[in-house]
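Visitor: Residues per chain, in single letters:
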Amino acid sequence: MQTKQYKVIALSVLLITVALLGLPYSGGDEIMPLSNETLLTYQSSSCEVSLFKFLLTNGLSDMFTFKFDSYSNMDCFGKIKYIEPVKDSYLVLVGTHTLINLLLQSIFWLTIIGLIKKEKTNVGNYSIFIILLTSSIFSSLFITENNYNAFKNTTYSPKLEPGNYLTFSYFLSILLIVFFINKILFVRMKSLINYFPYLFLIGGVYQNLNLNFFVIVFVFFGFYNLLKLNWSKSIISIIYFLMTAFWVVSERNQYGYFDVDKLRGFVSSSNNSLSILLWSLIFFLIVNGILLLIKEGNANFELLFDNFLKSSFFIVFFGLVASFSNFINLSIFYLFGQNKQSKLGLDSVAGNTWRGFSPSAEGIGEFYGLVLFISFWVLFVQKRKFDNAQYIYLIFTFYGFFRANNIAALITLMLVITLIFLYKNIADVRLRNTLYLFLATIFIISSYFILRQNTYAEMGSGVVFEGWQNSRLSDVPEINMDIVGDHLKGKDFKTLLETYKNTDVISSSLLAITNTLISENNIRILPNPIAVIGTAGVFINRAEKWGLFFASYDPSLSTALLGSGPFNISNYYYDQNLFDGSLILPHSSIFSYVIYLGIIPVLFLIIYLLFVVFKNFNLNDLNFYVVLYLSINLLKSDSLLYFPSFVMFLYFIRRLKEKKELN
Amino acid sequence: MMATLFNIDFKIDKICGENNSLVTLSDVGNNPNFIFRNDPNFELITLYSADGGKINVNSWVECANYVSGGWTNGIFPTVNYESYFFYFLIFSSLTYSIISNIYKKYAD
Numbered sequence: 000m001q002t003k004q005y006k007v008i009a010l011s012v013l014l015i016t017v018a019l020l021g022l023p024y025s026g027g028d029e030i031m032p033l034s035n036e037t038l039l040t041y042q043s044s045s046c047e048v049s050l051f052k053f054l055l056t057n058g059l060s061d062m063f064t065f066k067f068d069s070y071s072n073m074d075c076f077g078k079i080k081y082i083e084p085v086k087d088s089y090l091v092l093v094g095t096h097t098l099i100n101l102l103l104q105s106i107f108w109l110t111i112i113g114l115i116k117k118e119k120t121n122v123g124n125y126s127i128f129i130i131l132l133t134s135s136i137f138s139s140l141f142i143t144e145n146n147y148n149a150f151k152n153t154t155y156s157p158k159l160e161p162g163n164y165l166t167f168s169y170f171l172s173i174l175l176i177v178f179f180i181n182k183i184l185f186v187r188m189k190s191l192i193n194y195f196p197y198l199f200l201i202g203g204v205y206q207n208l209n210l211n212f213f214v215i216v217f218v219f220f221g222f223y224n225l226l227k228l229n230w231s232k233s234i235i236s237i238i239y240f241l242m243t244a245f246w247v248v249s250e251r252n253q254y255g256y257f258d259v260d261k262l263r264g265f266v267s268s269s270n271n272s273l274s275i276l277l278w279s280l281i282f283f284l285i286v287n288g289i290l291l292l293i294k295e296g297n298a299n300f301e302l303l304f305d306n307f308l309k310s311s312f313f314i315v316f317f318g319l320v321a322s323f324s325n326f327i328n329l330s331i332f333y334l335f336g337q338n339k340q341s342k343l344g345l346d347s348v349a350g351n352t353w354r355g356f357s358p359s360a361e362g363i364g365e366f367y368g369l370v371l372f373i374s375f376w377v378l379f380v381q382k383r384k385f386d387n388a389q390y391i392y393l394i395f396t397f398y399g400f401f402r403a404n405n406i407a408a409l410i411t412l413m414l415v416i417t418l419i420f421l422y423k424n425i426a427d428v429r430l431r432n433t434l435y436l437f438l439a440t441i442f443i444i445s446s447y448f449i450l451r452q453n454t455y456a457e458m459g460s461g462v463v464f465e466g467w468q469n470s471r472l473s474d475v476p477e478i479n480m481d482i483v484g485d486h487l488k489g490k491d492f493k494t495l496l497e498t499y500k501n502t503d504v505i506s507s508s509l510l511a512i513t514n515t516l517i518s519e520n521n522i523r524i525l526p527n528p529i530a531v532i533g534t535a536g537v538f539i540n541r542a543e544k545w546g547l548f549f550a551s552y553d554p555s556l557s558t559a560l561l562g563s564g565p566f567n568i569s570n571y572y573y574d575q576n577l578f579d580g581s582l583i584l585p586h587s588s589i590f591s592y593v594i595y596l597g598i599i600p601v602l603f604l605i606i607y608l609l610f611v612v613f614k615n616f617n618l619n620d621l622n623f624y625v626v627l628y629l630s631i632n633l634l635k636s637d638s639l640l641y642f643p644s645f646v647m648f649l650y651f652i653r654r655l656k657e658k659k660e661l662n
Numbered sequence: 000m001m002a003t004l005f006n007i008d009f010k011i012d013k014i015c016g017e018n019n020s021l022v023t024l025s026d027v028g029n030n031p032n033f034i035f036r037n038d039p040n041f042e043l044i045t046l047y048s049a050d051g052g053k054i055n056v057n058s059w060v061e062c063a064n065y066v067s068g069g070w071t072n073g074i075f076p077t078v079n080y081e082s083y084f085f086y087f088l089i090f091s092s093l094t095y096s097i098i099s100n101i102y103k104k105y106a107d
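In order, the protein sequence lines correspond to chains A and B. If you count by numbering that gives the first Met the number 0, then the first sequence holds residues 0 to 662, one letter each, in order. If you count by numbering that gives the first Met the number 0, then the second sequence holds residues 0 to 107, one letter each, in order.
Chain A on its own, in the form it takes in the complex (with noise of 0.2 angstroms):
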């Protein structure tokens, strides 16, 4: 049976490969290699050259850098849109199409998610209403996010109207796409949970669409779970359901885009009222169906831990064959659905950090982090072998980590390994204590010698300082930038605030901290929580991100407290618009959450959090000391706002919360 469905891989590869290289149109006459002089026959001829005849003539050369081009028209799928000399290359334009694309991506991905084990499950299949349900949201939001549309489609029209084959179409598509779910992937509910790390590597993003397969994958059961309603459950749905009318009638900026870049298929493109509506549901609906599948599944730790480390090693694989070509590149993001293409090239960027396979170095170290800190446990604590392919594996890991560079979850990685060290190999508990509390010291004294150019003062203004200074201040001609720059040397926030409080350019949230980080009512046993944040900011070289959050996070009171909307960051982008065009997001999970729900819900779960970790607080669980390592990372970074690391998130306080243990 295996044998027989990597057949079906092979085929469903084979069958992607055809259509994206145009093969079923690349007879006709012989085309010229292509140069400057026949660069203009070339861009007379838009969509008459195959790519495959393309690539036949002229090879898989440097000079060419082939990028997709989605507003084409259907027939011009795998051909040649349009070539344009850059420098000493050439940009190569192939055409594709968002209804091809639909179909062969998901052919593709159903047939790998076919390779997993059916099982009988207890859950009543109500299909063809969950289906009904399923595709109805995913083709509204077809017509909600009509800018984005617009953009990427060139028949595109949100109007229901005889004739727009392209949209009537795209409904028939999420259907047939929402059945296959449900006949493909219903019979494996059981297991599905146990392959959730593969979203690190297939990442089941549609090229030319804000829609992510595993999304309408997780909104699907999410209908199932809520068919099981208990007291807890409804009141939870019934006060999200309040906050999700706040969100939808809330006065705001309206913008009818959002360049999704990297978070494409988990982050809306709009805020208008109808997205805002469906992208809640979405949430809601993603949430519940992450928990059924979690209940419901068969916890294999022997798979999930299989699947972390062959994910990982393919993740750092096709990361470096990605990075030679920059064609196999191109391929690799169609193939995978990823959200950006693959780094080209081995060099690192800033920070000295290489990104590989992944959209974010950040997200993909965490990542790796957690797989050594998993095998760590599996070697040293559970004391099984590994069969030679898993050292291979792991090896791999090791330099996708090493390139990722992130220092945050090394250290946190060095710290959860040294506890459980230390907890397995000291029987004596004084011993043991002791030693944790010397581990403590030598860490508060390194830290001091580290951070003793600053003092506390200047580290606890620092993120106010770093918000003021990225304001847009220097926008206003009648404010003297010298006098501004004066006050901020001197750091003397209370004439700053007091001089520029009442114009535009500051955002309230920065009018808010620097407001409570001078205020004198401050409770004098306790330290400002402003200076707390600013130290914290200093101390993890988060001040200037932080100060930019601030800086351009500009709520009304209602908003800063019950949030704009789950995946609405276009009024955060826009209202002071500080980032001309760069996706530059808050880098923290933390702050991203507020902007999504407000600081009340995102203080109820952290307190949530506490409350589950302190409760099962056990130092022989793995599932505590991996909460404990993603809590720690995700303060820091943003990797909440990517799905793989939001379903694995859940996925591990839920195994916590019911203290399945996963030996």
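Simulated from the structure, these hints should not be mistaken for lab results. This one's a predicted model, so the numbers in the text were calculated from it and none came from an experiment. Treat the hints with caution; some may be incorrect.
[Unchecked claim] To be clear about the criterion: a stretch of chain A counts as covered by chain B if any three or more of its residues have a C-beta under 8 angstroms from a C-beta of chain B, and this derived list gives those stretches:
1) 69-79
2) 146-156
3) 288-301
Glycine included, every Cβ here is placed at the ideal spot set by N, Cα and C.
Dock chain B against the given chain A, drawing on the hints supplied.
Guide: What follows is chain B alone, placed relative to chain A:
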């Protein structure tokens, strides 16, 4: 906060590029007597209509005016492949349901 809706027409941006002139589309409005003046800095663009019409535009505002009226910079495909795709999906779904029903009956 004021609620404003920025409904950007990406097609105009994509086809006509950035507006570097002082004239905007709202200046044209519904005025049938508006005269489009050639912009020497604007590179000529050829636009096509669904019924086979063709026109050369010489300024950004002229281009934007035609694009907002449904003209585009690519020749309209004579064949609507998306309709073929739609019928292909309908046909495949029907075939699949018939075959799977027969298969089920046969298996029973």
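Visitor: Hint by hint, say whether it matches the structure.
Guide: Against the structure, the hints come out as follows:
{"no.": "1", "hint": "69-79", "result": "holds (count 4)"}
{"no.": "2", "hint": "146-156", "result": "holds (count 5)"}
{"no.": "3", "hint": "288-301", "result": "violated (count 0)"}
This entry does not satisfy hint 3, going by the numbered hints stated previously; all others are met.
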